[in-house]
Structure formats: structure tokens, C-alpha cells
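Visitor: On the provided structure of chain U, position chains S, V and Y as indicated by the hints.
Number of protein chains: 4
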Amino acid sequence: MSDASFFSDLLTSIAERGRRLLGPAQKAPPARGGVKAACEALLEGRGEASRVALASQIVQTWLVSDEPGRAAFFDMMLKEFGPDEARLENAIAAWRAEPSQEAAQAVNEASEPRRQELIRRLALAPEGVAALVKMRETLLGLLADHKSLKVVDDDFSHLFSSWFNRGFLVLRPIDWGAPANVLEKIIRYEAVHEIHDWDELRRRVEPDDRRCFAFFHPRLVDEPLIFVEVALTKSMPATVAEVLDPGRAPIAAKEAGAAVFYSISNCQEGLRGVSFGNFLIKQVVEDLRHDLPEIATFVTLSPVPGFAAWLAREIEKEDTEALPPEDRVALADLDDRAWMDDPEKVERLRPILTRACAWYLVHARNSRDAPVDPVARFHLGNGARLERVNYLADRSPRAVRQAHGMMVNYLYDLGEIEANHEAFFGRGQVAASASVKRLARRSKTTGEAKTGEAELAK
Amino acid sequence: MSDASFFSDLLTSIAERGRRLLGPAQKAPPARGGVKAACEALLEGRGEASRVALASQIVQTWLVSDEPGRAAFFDMMLKEFGPDEARLENAIAAWRAEPSQEAAQAVNEASEPRRQELIRRLALAPEGVAALVKMRETLLGLLADHKSLKVVDDDFSHLFSSWFNRGFLVLRPIDWGAPANVLEKIIRYEAVHEIHDWDELRRRVEPDDRRCFAFFHPRLVDEPLIFVEVALTKSMPATVAEVLDPGRAPIAAKEAGAAVFYSISNCQEGLRGVSFGNFLIKQVVEDLRHDLPEIATFVTLSPVPGFAAWLAREIEKEDTEALPPEDRVALADLDDRAWMDDPEKVERLRPILTRACAWYLVHARNSRDAPVDPVARFHLGNGARLERVNYLADRSPRAVRQAHGMMVNYLYDLGEIEANHEAFFGRGQVAASASVKRLARRSKTTGEAKTGEAELAK
Amino acid sequence: MSDASFFSDLLTSIAERGRRLLGPAQKAPPARGGVKAACEALLEGRGEASRVALASQIVQTWLVSDEPGRAAFFDMMLKEFGPDEARLENAIAAWRAEPSQEAAQAVNEASEPRRQELIRRLALAPEGVAALVKMRETLLGLLADHKSLKVVDDDFSHLFSSWFNRGFLVLRPIDWGAPANVLEKIIRYEAVHEIHDWDELRRRVEPDDRRCFAFFHPRLVDEPLIFVEVALTKSMPATVAEVLDPGRAPIAAKEAGAAVFYSISNCQEGLRGVSFGNFLIKQVVEDLRHDLPEIATFVTLSPVPGFAAWLAREIEKEDTEALPPEDRVALADLDDRAWMDDPEKVERLRPILTRACAWYLVHARNSRDAPVDPVARFHLGNGARLERVNYLADRSPRAVRQAHGMMVNYLYDLGEIEANHEAFFGRGQVAASASVKRLARRSKTTGEAKTGEAELAK
Amino acid sequence: MSDASFFSDLLTSIAERGRRLLGPAQKAPPARGGVKAACEALLEGRGEASRVALASQIVQTWLVSDEPGRAAFFDMMLKEFGPDEARLENAIAAWRAEPSQEAAQAVNEASEPRRQELIRRLALAPEGVAALVKMRETLLGLLADHKSLKVVDDDFSHLFSSWFNRGFLVLRPIDWGAPANVLEKIIRYEAVHEIHDWDELRRRVEPDDRRCFAFFHPRLVDEPLIFVEVALTKSMPATVAEVLDPGRAPIAAKEAGAAVFYSISNCQEGLRGVSFGNFLIKQVVEDLRHDLPEIATFVTLSPVPGFAAWLAREIEKEDTEALPPEDRVALADLDDRAWMDDPEKVERLRPILTRACAWYLVHARNSRDAPVDPVARFHLGNGARLERVNYLADRSPRAVRQAHGMMVNYLYDLGEIEANHEAFFGRGQVAASASVKRLARRSKTTGEAKTGEAELAK
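Chains as they are written, first to last, in the working numbering: chain U, 2 to 459; chain S, 2 to 459; chain V, 2 to 459; chain Y, 2 to 459.
Chain U on its own, in the form it takes in the complex (with noise of 0.2 Å):
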């Protein structure tokens, strides 16, 4: 429809006027009488055209402050923009006196901290939205020793939970010939396979074969929210080495039967607790499903970072349900920490290793009875299904010290995504492949998951 293209011109005055002030620090009129008087004066706002300007220079003020002066700030917002109590208690008593839907509207009112409307006021500034979520990246760092601190946080959150709602979200694909001040944060923020510098970028976006997408918010520009890089493969990958070899053959988009997620990052740390991954990759599963209809399997290759530290845990049982007798002495050999070198240690310890895995991954529960592993709870709770298990996966230093190695395909079926999810939430039912299930099925002898080694990934 070819009236996009009038829309698509709007955010460019957002984006000019964003990009200014959080580039090189430059230097605000110190807002007058001080940064209080000012938030004092943006809170009254007599008149709104001037809040503008106001929001602006106490945002920039911040922007320039050094780290006393920015704890500062916070400390004046805790103590300074609080409730007003006495006006609080007033509506508590009229409440009281004659409770309704009005009076419990005047008590929410009157209990609101006035550093929320602060803040809302504060997005005001041409570069507001931005700098905010910088100013919370900040508090976050303080919250370990300025616990009280935590309801300014949560005012924080509060807000960017309604402003980043997934309907303001753009997704967006990222190629080479994305803009570079974009790809650059792509290889800042690559949170798992790292990204070493410009050529190994272009790898990872060029190829025929290769994908990448990010959310985008109208005010935050230059700044991808969260990515996933993908890569187009013939079939599901077992090993990472398949997927980011620098010296593979690229394929056509055409001739790929499987799109892998081998990556997902989050870019905002002042963006914690504001979740985009699963709409993330929902949404690029039915891009991709309508750009290359051939394709289709949507899977994951993914890490698993609890299973080493929960194995370590088990084999100290005394009794586990998770590991046979036989498994825990086996499974002495990963005290070697050459064992991946030793071709004999390594074949002893696949149908170990593997069984114990899946099972850690089906039934392995933490204390909210959600499966332990954090990468499969996303995944499970998002609808994928837990489809294979594979064993020395990816060697990389950390993968080993994680999880041995391991790593996980997760399935995601547009079929049945809605049903896994329903059964995940409802009944903590986790949806796996029949080959994990046998991997993972409850015994204490070896004898039963025998039957399962048929299904071991190579």
C-alpha cells in the first residue's frame, strides 16, 4: 500500500532530534536554580509549550553530570518526588468513610509518587525517552547498595513496561547494508557468539544464508532493542561449528529447508525486565515463513547454561532419580578436563552425557516448578518443543564450563506453538520430540534408556 511511504518519513525528525545530545556530551544551560527548582517547575507546568525546553535541559544536566551528581539525582527523586502523604491520607479517610470506584481513584492519585509524572514529563525532551532509559541503565547499577532506591526503579519500569509494549515495536531486518552506526551495535551487543569486528559482521549478515532482525522503538534511534541472528541451512544443525564456520559454503535462501535462531541478544540494559524475545521470534517465523515458503523448520540452536552446574549438584546426591548408578561413576571422566581430546572418554560419555541432558530438560525443576534451565523456560514458555539434544555441540571454553558442551535444538511449529504454550502454563507440561522424551524418560536403570541411544544426535 503505497501511502507507507508518507509515514515512513516520520520518525526522521524524532531520529534528527534524538541523535543529538546522546552523541558527543555537550554543554546544557545547567538548568536554573538548580535541577529541583527545575523538576518543581516541569511538574507545576503552567504553560505546556515550555515544558519542552525544561524537560530538555534537566535531562542534559544528568547527561552531563559525573556519577556523584547522577546518584544525586536519584536520591533527590526518592526523598523529593514521593507521594504526597498528607494528601494520601486525606483520600485514605474519605475512602474509608465511604468506599467507591471515584474515592479508590482519588487514594491511587494521591499514592502516585510524583516522581512518575516526572519522569513522563521528562519524555518530553526532544532526546527524552532515550536518555531515560540510559538514567535507569545507571540506577540499576545502584540498586546493590542503595536497595531503597527499588521504587524509583520500579517507577521506571512501570512506564517503559507501557511505552515499549510490543505494539510500539517495529521489527526490522539488518543486512550490510544496514546503516553502519547500527551494525556496530550489532557487534557491541552480540551476547553469545561473539563478534570480533567488521568482517566477521558482514558474515554474520551478508550471506545469502544469513538473517538478522531487531526490534526498533520510533524513540530510541540507532538503538535496536533485541536482536536474533539466523542462519538458512539444508537441515537442522547439530554442532555450532556447522553454523558460523567461517570457511562453509554459503547456500542459496532458496535451497534452505531449516531457518536457525543461534543467537538471540538483549541491547538495553535499561530495558531489563522488559521482555521482547518471545514476540521477537513469533514475529520473524512469519516473516521469514512469507518470504521463503519453502522453508520449514524453525528451530534453535541454543545453549543450555544450567545443565553443568545442575549435574555437578546431582551426582552429589546420594539418590537421583536423574542419573543411574552407572551414569554417576561414568561420569568421573569430566574431571579430565582434556576429556574432549580422548576420543575413548568422549565415546563413553555421548549416551551419558545426552540422557542426562534431556532429562535435566524435561524434568529438572526449580522452586516455582518451572524447568531450571532459564534458555528452556523462554523457549517452552514461548511454545517451541524441546526437538533434539546434541552432544559436544559447541566446544567453545564457555559452552564446555556451562554444559559440557551441550546444546539444544528447540522446535518452534506454528502449529502447535498455542498448544504447547496452553500445556506449559497450565499443567507445566513440556513439549519435547519422542526421541527426547525416550532420552529423558524416568528410570534408574540403564537397562530401559538403552532403548533411547538409537536416537543419539552424532
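Wrong hints could be hidden among the right ones.
Since copy identity is lost for identical chains, a pair holds within one copy or between any two.
[Stated by the list, open to error] Straight-line alpha carbon distances no greater than 30 Å define the calculated DSSO-like cross-link-like pairs of lysine-lysine that follow:
hint, residue 1, residue 2
1, 151, 37
2, 255, 135
3, 186, 255
These aren't lab readings, by the way, just hints derived from the structure by calculation.
All of these numbers come straight from a predicted model, not from anything done at the bench.
Guide: Frame of chain U; chains S, V and Y shown alone:
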């Protein structure tokens, strides 16, 4: 800066998503288990990814409902999604036991009606925000007969203020190359000087000496929020005919000495109370100054909607500062509805109406000690200056009825806007040109005022 | 791919530059020393940078000239900027002395009229190409009375073929969100089924089952070159009323089984002879197939402009293969101008006109052994198949006058386009459906043809 | 003007179409019947719609050919697609019998080699123009050894001049937000001051006091044709170090008084001889003036590539106006390759080299009576003024070798460009500042020239 174009595409998908629904009604699958169950499920929301679908279903259901169905929805919002009273009582008890910001926060959360979060989550639907604006439009229409819905409206209003804050708005010029589906809304929403057809519209936006600017919001596609029409003229105009005469000879923009804001119209009834106008004029002044640096005068040609009613009241009064006795007598000419066709009366009334109008604008106050005239309140509050009072400036029936044909020029002088604004809100002081001040001199004798006659605009 | 957006801005500046001049006439400074001197200076062109200004002056001067002035310009082009005869004689002498490609090249250069380079350099002006297209439009109008200008027109035509080659054209969908200044040209240029006003235009481009596509050229901004209107229907329509009835109920695009090209219009008289239509239909078929894969049938609903004239000639003939004697007699019914209102005559003529029309389209040839009907030549040359002949398909005065109300469906079947195209140009073979072939069977007796009656479209 | 955005999308599809092929080589179906048959079929071209496919096949075939295959293609163009000799003879005979413009036109058409139309039709392919530019790049490489191909190259050159005329070019700023695939070409093509990596590139395009502009063509996507790098400085710089020092402190663009063009690079070898540079600088000056009206000085910092060679020749001469005898003696210091490290020599050579360089630029002429120095020819021909000669301005090996470290500022003063340009081409007059003129005063005695010393740049 060239990466603006990357971001300029961000909105396309939003635009696409949003447009579909709000066109011709589609048969949405009714929300499973009824709307209330769907709303509860949306609030419960175990998995975020499924919320989009759920929100979309609810919104669709509402949109295809008939009037009673729509009203019932608001009734449900009122009765079923108010605050959780038990939780509120507990939070209040805790606060009373030990007041703290944390306790106040708990009260705040407990007193928030559940429908606020419901509204936030409905915004997740692709077409959510647009539909919510439509919802509130309907709701506003119900308020007169259903006063209890006021608290529901407050919740909409609260969230809209946050989402439609100026930081999210984008100013766009509207010309003859704008999309037809935007232009048709300019025709529809023009509230000051009606546009009858596409030819008249073209005369408003195509000539080099005509401009139009509107605010848009990323999530309300094809929908201007507010727009202003501007005429570029050689000098400050005194009558609407100078500006809108279809036979006038357009001038080149470069030859213009003045930019005249002759019409400002709000477009979205559902956003009533969320004000944009003051931001709009300031921004347009800045944009025009950049594009056409030769323009020295930024001025309105504004109606005086409250003048005739006020004058009628003054005439009735025994004694009033506003009118010298002989003027009150002379104003009897107004009883002749055809006075404008009588040259003698026209000349007789000229000084009297002009002085009275100046007095009205400068001195007449409402109960909150603000100017009686709403248009004056708007522009003076923005920091504009009352520049000139124009006699027989608009002969349209409405202008004659409301203001005996008077119009006013308010001048936006960027150098003094801030000071005017401060003086207006701080000391209730009305900024006015020397000539208007002379005309408005408080006096019961004509003698003094006569000195002002030289100032009368012809 | 996201860098498209970077390039998508490329045209903005061209658009801007070009638009200014062609609007209201501006007082251009007359070319110094007269137009001829300016043209000579432009050709001499020692410094390239000054050519733009010079070209612009000449173009401006022409645009603000009156009719005789414009004609005089072409006369000057003819007489003053022809080939350099002396140089040509020399080059010919050299070629005769020793033929070689170099010598032929010298002849080629010497024989090129100087105005060709002049036209190329006029294109340097910001508004150059658009102005040159206008020039040729004027020139074409002069040709009838000034045959010697034909060689000048040939030079324009030669360069336009190069500049407007299909590689430079861009296909754009036109919908209700297209710019008003483009849409007004759709109203103006629609040549097949007139569009009376903006409401009718909206009915052509806004509903979900209506599409419009146009070719644009980077240097002719706001100016479609050619456009096609498409109706999405459940099945192949037999009458224009089915398609254009204002009261019809639109269907969802997804429910459509057929895409009907019911109107193709050229827009630029100045580009006469530069053909775009064949590229346009092929491209639109491909785009629609991608967007709406459910559509199986791509078909036109076309006029038969030469049928009535041809039929009149056949009726006059003593003996013709085209018409059995009894049909010729029956066709006397056509003499009654109101025959369409007489149900009996309507039924009597149905088989006769349908057969005659099929015969006409399949067998009637012009002097170059191509189909007599120009619309048939166009679509058959494109590789389409004559699918169905429709009786009483268009009751508009023009259609009745030109074709006794007959219309035709030409079918674009991507699988056989290439073969049809080859057969048409190679062996003069007309692709037709079995039913049309049966109707068009060569025969002087009605007996045989009668078997075709079952095929008649109601 | 808002409809620019409608047109801004026009190029997207071109960009898309063109990009695919020129990336990794694809296995194109070889042209049926061999390339020659395909070329003949393309020229024959009975149906236009099939030409696109045919052109695409030929272009694809060429692109995937090896070197001999590519050369063979040009050989075929030379031998098989020259002019039609018989037709040419006939046309010549007709012209001789009765000369007329029509007859000359027939000669022109007959003498045009058939490959010209072939090239035009190859441009129909989606990737046609880009491939043709690559073709010519290859062809240029073959010319030295295959002089007969010159006529083929002339045909390419002729058509490129028409297609790449300035009216089709688009100027685009290039900054850190430009697409990576464009930026990498800036790295690759920078010919004056090499860019070593992405960090250095960023320093050239990201800071507020750095600008880069390039010309693009709608059909050569992702491919700048020529670009210029600009430094915004407080005043006219005398050395390259001032401009490119990585440690310099960037200034705000608003504080800049001068815009310095310190590097201009052509990108497309295949477009050799099609000149863009003069248009580029003029356009950039105009754009910068609009954006940064405070900038008063537009100036280059240019190499003097022919100075050292010329000076060596002058030193050899017995008698020369260019050098006073004592200067010739003193120049022996240059024989010491380390003279720049000897402060005494540096000071001794300062006046001598400066005067000699000024003399060289103002007076030294080549056989066509134009300045010997190619950079001087370029800027003086554009209407710039020789503003200042800078001693020890560039200590890079190349600058030392070519110009003993000298550089020049050429000043672009919009007010006098036209006059300078005219004087240069009309009277061979070199525009120079008073101080350069004094330095270049024709004289064999040092006495007079000494008065110029005060002018020497430090």
C-alpha cells in the same frame, strides 16, 4: 543525515498492520468464552506472545459490536475491572501500620483499577491504539447519561496523556502531494473555515503561498491529530477575505513577509483533553523560519468567539468600565441585523466595536481570572501578543453571530514568547501591542479613548 | 533488504528540483543573446558546470513562450542545428576511399544532426527531461502542418527510446494513499472508462478488490507514464457492469480467483511511440501472483474497437468467408439503433454477433498480415490468449458504436505466454481458447457453426 | 514537500532487481543457441516483453564468463555488430543524389554500428546498466593490446554520456549512518588520502566537522560514482595534518568558518571520461551554504601532482623565466632526500619552492596552452581561484615525490566562479589571489620576487 532513511521505514509495518482492521468491518472470530473471559485471560497473561492475539480478538469484537454492545463493554470495564478492594484494604492497613514509600507503592498498585492494565494490554493489538481512541470517542458520548463511567474515562485519559505526549508526535507538512487518505481528513476535520470539496482543498494546500502542517502519532496512521493552515502574505492581514478569496493572485513564498495561522483544528474527538496545539504552533514557527528566513511576522487571524455574548451582557449592565455610556447607546445599531449593509452604521460602529473588542480581550476575565475568550486564553497562554483588533474582518454568519465580524491577530514573536508566557501565568498579564493597549485603556469617557482611533484598522 | 531505504531517498532531490518549474510559469531571465546563441553556447560548452544553468535558461524560455515562439524554436532546431554538411562530405569521402569501422563511425558522427546533442544537453536542466517531453508533445501537434519537422521529431524519439527504456521505469501501486497530485492524473488520463470525480476515483483504487499500477520514471515526477486498473473478482467477468457497478459488494482480495485488467491508459502524449504496455502487464501479473498466490486467472476485459467498422465492410461484400449469407441478412437488425431494447432482436443477434466477432479477432488481417483489431494485436503480441467473446458486455455509446457492445477476455497464462508470443510473431498464429476457435471456424454455412452455440457467453 | 516520499520509494525495486546478480555469481542458463544468436534475437526483438529476459541472459552469460570469454564477446561486438555496409552505401548514394536532412538521417542510421542498439537493449536487463559499466571496465583494460576495439569503446562511451548525464545523478551525504555496503566502497575507492580501516573511515564521516558527499545513479545501486570528503574548519588550512590528524579536537559544525574539500575520488573505472567532478563541487558548495550559512570560505586543500617533474625540467634548462639563477642553485638542496629534517634547508627552500610553485601553477602550460598541472586545470576550469600555495603541507612520500610537499588551496567563491570560468576558457586567464600573483611575478631577478615573501604561508 542519511540514516534517517533507515528509520524512516520503521513505521511502515505499523502502518500496514493498523490500517487493515479499521477499514471495512471484518468478521472477527468472537472472543472465546465471551469478552469478559477474554479480558480476564488477557490480564492473567501467562505467556506474553499470546497476548497480541487475545487483545486483537477483544478489540475486534468491540469494533463490530452494535451500540448497546459497545456500551455494555464499558459497563463491564466499570463493574468487573475496578480496583481489587480487599487488596486495597490490606495495603492501606500496611501503610497505616508503617508508612513508607514501599507501602505507598503497594497502596498505589492496589488502588489502580484493573482496567488500566487491561487498556495497556489492549494496546498490544496491531490496531490497538487506534481502536482505543475510537473507544474513548464512544465513551465520551455516553458520559452525559452515564456519569459513573467517568472513572473509566479517567483511565483512558490517563494513559493517552502518557502515550500521546509531545515526544511521540511528529510534525508533517501536508501539501497537494500528501496521500489522498490524509487529505480527505483535512476536508473532514476543518472546523474553522469549512472546505467544501477537493478543489477548495487544493487551493488551501497547493499554492506556493499556502502551507498546512499536522501532528501525527506513529500508532494512528493516516490520522492527523491536529493541523494548522497557514497563509504566506506580504503583510499581516486584517480580514479573512484577504486570505481565502478564491480569486486572489498567489504570491511566491519567497516574497512573503508574514505567515498567517488562520485555522487550527483538532481531529480526534477520542483524544479530547490531550492538548497538542501549543506545541504545534511553536514547531511550525520554527520550521517556517528555517525554510523561509525572510518571513519576519508570525501571526494568527483568529476568531473572537465570546465577544458578542460578553458585549450583550455588558450592554445590559447598569454600569460597566467596559463601555462608555454613549457607546452603549450607539451599540443599539447592532439590533439592525442588516447594519453591515448600511455604510453610515458601519462607520459609526467602527470605533465603538473596535474599542469594546480590545477591552474585552485585555480586561474581561472569567471566574478563574483568565481571559473570558477561549481563543485568547490559548494564544496568550502560548506566549503570543494581542497585536491588532480587526473590524469587519469576517462576514460569515458564524463570525457575525459570535463576534459582530471582529477578528484578532495574535503575534508570535519568538524573542518574547517566553516572557509573555511567564507574565501571563505568573501575573495574569496580557501581552498586547501599544495600539491595542491604547484602545483598551480603562476609561468611561470617550475623550481619552479617541486618541486610540488612529490605531483602528481599516 | 534494508539498504533499499538509503537509495529510496535518492529521487527526492530530483523530484524537488523538477517540480518547481513545471508548476505555475515563472519569469525566467531570457537566455542572453537570444535562444539561438544560448543553444550554440550550450553545444560549445567549454565548462561543463555552466551547462546546467544554460540548459535551464533555454528550457525556461521555451516554456514561457507563446505558440508561435514555441514553433519558431523547432524551426530553429530544424534549420540551424542539422548535420554539418561539409564535415559529412569529408567523412563520406574518407569512407569511400577506405571503408572501415572507424570511417563509418566518422560518417555516423558527422551525419548526426547537431540538435541531438542539443537535446541531450537540454536534459541537464533540473527540469530538462520533463520539459523535453512537453516539447515533443507540442512538436507532434505541429507535424501535420509542418512535415519537414519530422526529422526533428525523430531525434526526440530516438533519445526518448534510450532514456525511457524499461530498465529505468519503476512500477508503483496506486491506491487511495497515493499522493493527490498523482491521483488527479489518473482521473485526467483514464482513457477507457472515464472517471468523473474523486469519489469515483476512490471506488477504483481504494476497495480491497481494486488495484491500480503505474510505471514512473525517475525524471518525470508526479507523472505516471502508463497505468492499468485491475479488478479482483471471483471469476472471469463477461460484462463491464460486473466490474464497474458502483453498487457491487466488494470482496476480500483473498477470496479473488481472477485479476481482471479492465483499463490501460497511456499518459504522456510526448512519449508517443515509446511503448510500455507489454512490460506493464507482465510485471503486474508477476507482482499480483506474489502477493495473492490464490489468484489463478489473469485476464483482461477489453474493447474490440475495430469490430463494427470491419463488420460493416463485410456486410457490404458480395461474398465473404466471415459471414454466412443468412447472418448477413439477420444483421440488418443492427440498423435499428434501439435493438438492444428489443429482447427478441437481442436473442436473435446473440449467436450471430458472437460468431462474427470471434471470426474477426481470429482471422481478420490488415495489410501487414497482423490482426485488424489494435487491442487484439497488443494482447496477442504480448503472448495472451483470446479466451472468450462477450456479447452485450458494454452498453456505453462508444462501445456500441465501435463494437456493437462486444468485449473480449484475453488470458495471460504465464506458462504459455512465451510460446504464444513466438507463434504469433513467427507464424502469425492467434492463440485462442477451444471455444473461441469453434466459434471462429471458417464456414459459410450456419450448420457447423451452430455447434459453437453452447459456448456463447450469456 | 511531502510527496517526495512517494517517489522516494521508486528506486527500491530497481535497487532490489539490480543487486542480486552482481553479488555472488549465479549459474545463469546459458543463452540459447549461443551468445551471438541471443544478441541477434535481441536486436530483432519482435516482442518487446521478451527482450528483458533475453538481455538478462546475455548479461548473465558475460558475467560468468572467464577472461577469454569476455574478450571474445567484445570481438564479436566489433566484427558482427558493426554498421550494415550495404545499407550505408545505399544511404550515401541517396544523400549524394539529393542531399537533405532526411537523407542525412538515413546515412546516420545506416552508419550507426548495430552494437549501439545492442548495448541499449542490454540495458533492459534488470542489472543491465551495472553490467554494462563492468563490461566497459574490462574493455578499457583490453584496449592497449586491441586497438581495434576502440570503436566499440566509443559506442559504450557515447551511450554512457547520455545515461549518466548530470540530470540523472543524485547527490547524497554519506555519514556514519550510511549503509555499510556503501561505506565499504568509500574505503575502497578513496584515492587521495588512503583509509585503512573502519575506525579511520568513521573519523572521516562521523564527527560533526566532517562531511562526505557522493553522486549516485538510479541504476547503479550501492555504487557511488564519485565522492568528495569535506572538513569543516575555523579557517583555511595550510597542511594536511591540520585536517587529518587523528588527535585533533573536532569542532561543532556551527563554529566552522571554512569548508575544505580535501579529497575527491572517482569510483567507477567503467565510467572513465564521463565527468562528474565539476558538478559535484558546485552542488556541495550550494548544499553546505544552505545548511551552514555561517560558512564563508569554500576551499580545497589540493595536491600539485605535476610540480616536482616540471621543476626538474626547469632546473635542467639553460635559461628559464620560471627560476632566477640563484634559485636554481639553491634548489640543489632538494638532492638531499632528508632535507625536510634539516631546519636550515627547510627555511632556505621555503621562499624558493613557494615562488616556483606559484609560477608553475600560474604560468606553466601544456601543448594545448592549458595549465600543466591536472588538478589546477580541473579547479581553475571550474571557476575556482588559486588562493594560496602551502609549503611543507603534506609530508607523505607521494606528496614529497610529486610536489616536494607543496599543496594548494583553490577557493570557490560563488560570486566569481562564472567570471573566472569564462576568463579561463575564453582568454586562458588563471584566477589567482593577489598574494599568489605577486609570488608568481615573471622575473629573473630575486629582487622583485622578494617583495612576495611576506605572503609566504608558514
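Visitor: Could you check the structure against the hints above and give me the numbers of any it violates, in ascending order?
Guide: As far as the earlier hints go, not one is violated by this structure.
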